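Undergrad: Residues per chain, in single letters:
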Amino acid sequence: MLASILQNVINALQWGSFYALIALGYTLVYGVLTLINFAHGDIFMVGAYIAFFVASFALTTLGMPGWAALALTIPATMVLTSLVGVTLERIAYRPLRRKGAHRLYVVITALMAGLILENGNLAILGASRKAFPPLIHETVYTIGGVSFTNLKIAVIISAFLVFAFLHWVVTRTRVGMAMRAISYDKFAVPLMGIPMDNIIVVTFVLGSAFAGLAGILFAMSYPVLEPYMGALIGWKAFIAAVVGGIGDIRGAFIGGFLLGAVEIMVVAFFPSTFRDLIAFTVLLAILTWKPTGLFGVAKTTKI
Amino acid sequence: MKKGTFALLLTTLALLLTAPAWAADTIKIGFNIPLTGDIPKVGESSKLSAEMLKADINGAGGLDVGGKKYMLEFIYEDNEAKAESAVTTALKLIEKDQVLAMIGPNSSKQAVPAGQVADDNQTVMISPWSTNPDTTYDRPWVFRAAFLDPFQGPVAVNFAVKTFHAKTAAVLYDLSNDYSKGLAEIFRDVFEKKMGKGTVLAFESHGTKDQDFSAQLTKIIATKPDFIFVPDNYNQVALIVPQARKLGYKGEFMGSDAWGSSELMTLCGDDCKGLHFSTHYAAAGAKGATKEFIDRYTKKYGYTPDDVAALTWDATRVVLKGIQNAGKLTGKLRRDRKAVRDGIAAIKSFAGITGNMKFDEQGDPVKCAVVVQISQKGDFEFKESVCPE
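First to last, the sequence lines map onto chains U and V. Numbering-wise (the UniProt record's numbering), the first sequence opens with residue 1 and increments by one. Numbering-wise (the UniProt record's numbering), the second sequence opens with residue 1 and increments by one.
Just so you know, these hints were derived from the structure itself, not from any lab.
Taking beta-carbon pairs under 7 Å as the criterion, some of the chain V residues facing chain U (in silico):
#: 1; residue: S205
#: 2; residue: K209
#: 3; residue: Q211
#: 4; residue: A215
#: 5; residue: K246
Note that this is a predicted model, so its numbers are computed, not measured. Don't be surprised by glycine CBs; every beta carbon is placed ideally from N, CA and C.
Using the sequences and the hints given, assemble the complete structure.
TA: Spelled out as structure tokens, the structure:
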């Protein structure tokens with residue numbers, strides 16, 4: 001029984017890591033722009049595909065060993081995915097912002113951008129799934145009936161490192177200060193000589209790069225890629241960010257793990273048919289009790 | 001200039017007038033198959049197999065129906081592997097494209113609702129791959145080329161009990177898939193009847209889009225079953241089996257015919273080697289007409305045809321046989337569709353490449369199943385054949 005609970009704690013930490021990594025991207029963009037970037041889940045999908053192509057290229061064309069390919073894939077994917085995120089901001093969101101469009105239209109643009117990424121992938125790469133090549137040898141360790149692999153531990157540690165890094169960026173650096181300033185008052189900020197567009201680009205770079213990282217880790221853990229893989233997990237990560245209090249980094253992080261834990265634990269203790277029903281009832285109850293989310297503050301500075 | 005326009009108009013008019021005359025000499029058959037969505041390889045196999053058959057018949061001058069030659073025209077429509085899209089696709093094929101008969105949908109999740117549409121609109125439908133009894137049940141216009149889950153379930157139970165010496169089992173299935181749910185329930189009932197109540201130690205479900213099965217698998221592994229029955233589509237199998245291994249499970253798995261895609265091994269890799277599943281035919285070691293089909297398909301498309309390809313071939317040939325049995329086509333769609341239905345119902349026995357079959361009163365074939373083992377090379381190797389008693 002105890003082994004089984006501990007096993008599920010590890011399962012929940014791994015699954016929650018993906019939600020947390022993606023939720024951080026939602027929360028960063030929302031915190032700065034009050035824009036819900038619904039294309040974020042699909043940026044995660046693009047990240048996984050970029051990782052697939054970079055890893056395959058490194059393994060077959062360059063003939064690298066697995067660890068070297070991984071060392072190349074991680075930075076390359078993060079850079080390329082952030083380019084996709086920035087491109088999206090440049091061609092879809094910035095023109096609307098310049099014209100002073102209402103937030104609603106930007107959200108709808110984001111939804112459409114997500115659909116374009118999904119269906120663009122479907123049209124270009126076809127409907128067949130891609131199998132992600134194994135980059136590292138996964139060793140199964142069993143201690144007292146609890147099994148975990150080196151990859152699982154790496155995923156969980158990565159999520160915590162990313163959180164620590166982002167927290168440091170937002171609270172301790174000048175860029176972070178500028179981000180908080182924009183979220184506080186985006187009309188006064190340009191008057192202070194802060195280059196608003198650059199700061200927004202940095203926000204998208206950070207969010208997309210970590211979605212890209214989530215993409216690699218996800219592809220390594222669940223090595224079957226398909227064009228719609230980002231849709232559902234993106235929605236759920238968004239819900240996690242809202243439950244944590246969207247706009248707050250701690251909130252997104254804890255919300256991600258909370259959703260992962262609720263989903264896993266429901267299956268562990270109830271019939272698995274009830275998973276989504278119970279999981280989302282719990283989240284709904286949290287929002288009813290605290291509509292701004294666990295760490296959210298009503299209408300003040302966020303991020 | 002004016003003369004030119006007039007000539008153009010005249011040619012167009014002439015073309016329009018002759019068009020119905022061509023239509024009378026072609027037979028339109030619609031394919032309601034998943035070209036995108038969860039199981040794109042299934043749609044691709046169906047399409048490639050049908051194209052090969054069409055090339056054969058049209059290359060020989062067309063299909064001979066009552067002394068007259070008809071060219072075949074196949075219309076491939078994508079149902080995205082979704083139940084609701086399968087219904088709209090069926091309606092489009094029947095009403096807009098005016099097909100004489102419809103092949104597919106393949107998986108039961110789409111074939112059950114689409115079968116209702118075909119039956120309501122009095123159009124012949126034959127599903128190559130659907131194994132859920134509801135697809136054809138009480139639907140005189142709907143047929144199939146595959147065996148049924150009430151037959152496949154016991155095959156899996158008996159094989160596992162005999163080969164793995166299993167006394168207990170666990171099941172993991174897809175809740176939102178009629179096929180997977182139906183087969184899981186049949187398996188549970190048959191296993192408990194044979195081995196005693198409570199011998200199915202865990203009966204867990206998941207959703208179609210799920211990628212993480214760790215919680216369900218943890219629960220299953222904790223009960224220490226002798227084997228895990230996974231009646232799931234190949235794309236999910238490729239996630240479930242490796243995840244179970246990473247949670248420390250070293251025991252056996254038993255699968256069902258939805259595993260049998262040529263894509264299973266590219267997605268699943270080494271973890272799936274050595275596992276068994278029940279299916280419609282085994283490509284490795286086939287003989288006679290089956291071997292001929294496999295060799296031609298492999299030569300043409302570069303990979304071994306899976307069971308869907310073989311079943312589509314058989315299903316399409318059953319329809320063509322039904323059309324020939326109809327004697328002659330009048331060109332009046334409603335009457336012809338009825339004649340084709342009666343033509344198929346009149347087929348006493350049919351020698352297909354997936355085995356010989358007879359159709360019972362529900363339009364279901366009575367045929368044998370095989371159990372295959374995935375070899376170390378990734379081939380699906382024949383293990384044993386089980387025929388209905």
